[in-house]
Amino acid sequence: MATTTAAIRGQAAETVVRPSRSLWSNAWYKLRHDRLTIVAFVVIVLLAGLAAGADVLASQVFNYTFEKQDLLRTYQKPTLQPLAFLFGTDEIGRSQVVRLLYGGRISLTVGFVAAFVNLTVGVGLGLAAGYFRGVIDDIYTWFVTTLQSIPTLFLLLIIAAIWTPGPATLTVVIGLLFWTGISLFVRGQTFSLREREFVIAARTIGARDARIMFRHILPNVLPLIFILAAIDIGGIILVESALSYLGLGITPPTPSWGNMLTNATAYFVRAPWLVIPPGAMIFVTVLCLYLIGDGLRDALDPRIRETK
Amino acid sequence: MRTFILRRLLYAIPTLIGISIITFAIVRLSPGDPIRFFTFGVQDITAADIERLRAAYGLDKPIPLQYVDWVGRILRLDFGRSLIYNKDAGQLILELLPNTLQLAITSLVLQLVIGVPLGVVAALKRGTWTDGAIRVFGVAGHAVPAFWLGLMLILFFAVQLRWLPSQGMLTVGADVWDLPDRLKHILLPAFVLSLTGIATYSRILRTETLDVLGQDYVRTAHAKGLRERTVLFVHALRNALIPMVTALGGILAVLVGGALVIEQVFSWPGLGRFTFQAAIAKDYPVIQAGTMIASVLLVASYILRDIAYAVVDPRITVK
Chain A
535 MATTTAAIRG QAAETVVRPS RSLWSNAWYK LRHDRLTIVA FVVIVLLAGL
585 AAGADVLASQ VFNYTFEKQD LLRTYQKPTL QPLAFLFGTD EIGRSQVVRL
635 LYGGRISLTV GFVAAFVNLT VGVGLGLAAG YFRGVIDDIY TWFVTTLQSI
685 PTLFLLLIIA AIWTPGPATL TVVIGLLFWT GISLFVRGQT FSLREREFVI
735 AARTIGARDA RIMFRHILPN VLPLIFILAA IDIGGIILVE SALSYLGLGI
785 TPPTPSWGNM LTNATAYFVR APWLVIPPGA MIFVTVLCLY LIGDGLRDAL
835 DPRIRETK
Chain B
62 MRTFILRRLL YAIPTLIGIS IITFAIVRLS PGDPIRFFTF GVQDITAADI
112 ERLRAAYGLD KPIPLQYVDW VGRILRLDFG RSLIYNKDAG QLILELLPNT
162 LQLAITSLVL QLVIGVPLGV VAALKRGTWT DGAIRVFGVA GHAVPAFWLG
212 LMLILFFAVQ LRWLPSQGML TVGADVWDLP DRLKHILLPA FVLSLTGIAT
262 YSRILRTETL DVLGQDYVRT AHAKGLRERT VLFVHALRNA LIPMVTALGG
312 ILAVLVGGAL VIEQVFSWPG LGRFTFQAAI AKDYPVIQAG TMIASVLLVA
362 SYILRDIAYA VVDPRITVK
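Top line first, the protein sequences correspond to chains A and B.
Numbered by this note's numbering, the letters in the first sequence go through residues 535 to 842 in order.
Numbered by this note's numbering, the letters in the second sequence go through residues 62 to 380 in order.
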């Protein structure tokens, strides 16, 4: 009897000895065992690699630039000979596969850069509003509510139509319009975090506002920002593609997955194979980003961590 | 309840002021001169003519004054005359409003009718392949580019199978009250527009139903010997529906904003498509009218959502 109790005690002691895991190492452990998220991540890395290597692939493998036209071979069906016609050609004989590669470069760049812009703006303003409260928060709330009450696509479209911005400006504009959701979230978190003991402790030893916001509160919001960022990039890619499809985002001759579909109605009868790939690329990219977001949530959200 | 509604209505005023400033600013601060744009290529126009046109449209005053003038006019629903159609811009947009509403409301109904059962079924069959399929659909529904899905559906149902029309609201020459014809036209665009909402609702309902089914009062209901169906529909679902009302905000924004793209894909004569065409043609009064009316629509639906929320969840009004 005594030995069994000792054995049980021993076991209990052993489990306590196990090194404690931090949030991040625990999340990493969970992510490594989440096959779906890993697959999604690999696909995104693969797409990014293809986009980054578009120049090399176009010149070495396909021997075709993205703006090269061949008016004698328009609406070619997909074929292996030559390799550049792998996904066929469009109405002016451009190689669909090469244009898809370059389109991916544009879509991914716009997605990541615009997400970076809106995270910077959204997190910064959300932290400030949640931390300082009062008048700053009132002005912030008024501005966010206003921005959310104008259908964002209307706003974006009008800006795009009137100013006809280049790809770089457009990316920044998208970033500056889509930060409200993330920001409100950060604000809410900051509201409750600023009342916690560790913040009061930091204040009593004389830490400045900026230090409390960025060194004490921000790290606690960071896991959720990661989750939202993945979903955010996906959403931006969707918006960019819709805008480009309407002829107002990325404009030809620069190919983007969206603007490759601008003339889709003309392809319906003659070349249905031109309609499927660009949209499928957007779909797969955004789907993977959303799956990564879901995976990160499972790994990082403490509430889910406990129950699962 | 009445004070709640009143206060909620008052809250909308600063928002509307904000919207009007942005709408006005975007158009007035735009580069290029609309008068020069529209007189471009006119041979015998003189500088005096241009000045007179500018004065006629009120474009010669300082910008803040122009704003005050403009707000005064839009309060009387006077957005000015379209530079292209030479008709009242507000009138042009308001005539198209019912078409957009028709599309948005049909989509909303589709979302509820399809999304809610999907979520409940997924929760009841937790862990089975049905649940898995519905969850995959819940993510995929958000990830698919709506305009592309629209194009694919047109390609399949209109071009290949020839079952459904690809564009417009009515067959040309058909009777206005030809309901089957209208139904055929609205089916594809409404479905595409409703997809995000279906995905959202199915996800929320799955989580909520699972949550509610694990609560004590549901166990009590079971223990009383109530039928499975009664427990589910009378006891569990009522509470599971509350978070849906919250999600309505995002969904409404998608319905109004997303309608623009879908209207363009399916050539649906709605206010989104019209505003889009006006933006390309730089028809400023119509751009402003379209944006303002779409935004007011959104603000109004947010108010309705909040009231619905207070009705569904009485704890809200106490605050």
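Where hints are given, some of them may not hold.
Every beta carbon over 12 Å from chain B, so not counted as near; a handful from chain A, in silico [claimed, not checked]:
# : residue
1 : 658
2 : 769
3 : 818
Per the computed footprint, the stretches of chain B lying under chain A, defined by three or more beta-carbons under 8 Å from a beta-carbon of chain A, are [as the list claims (entries may be wrong)]:
# : segment
4 : 79-90
5 : 163-169
6 : 205-215
7 : 271-279
Simulated from the structure, these hints should not be mistaken for laboratory data.
We treat Cβ as the ideally placed atom computed from N, Cα and C, and that holds for glycine.
Here is how each hint holds up against the structure:
1. 658: Given a closest Cβ separation of 20 Å, the condition holds.
2. 769: Given a closest Cβ separation of 8 Å, the condition is violated.
3. 818: Residue 818(A) not clear of chain B: closest Cβ-Cβ about 8 Å, inside 12 Å.
4. 79-90: Contact hint for the segment 79-90 of chain B vs chain A: holds, 6 residues under 8 Å.
5. 163-169: This one is violated; 0 residues, fewer than the three required, reach chain A with a Cβ under 8 Å.
6. 205-215: holds (count 9)
7. 271-279: violated (count 0)
The structure does not agree with the numbered hints 2, 3, 5, 7 stated previously, though it agrees with the rest.
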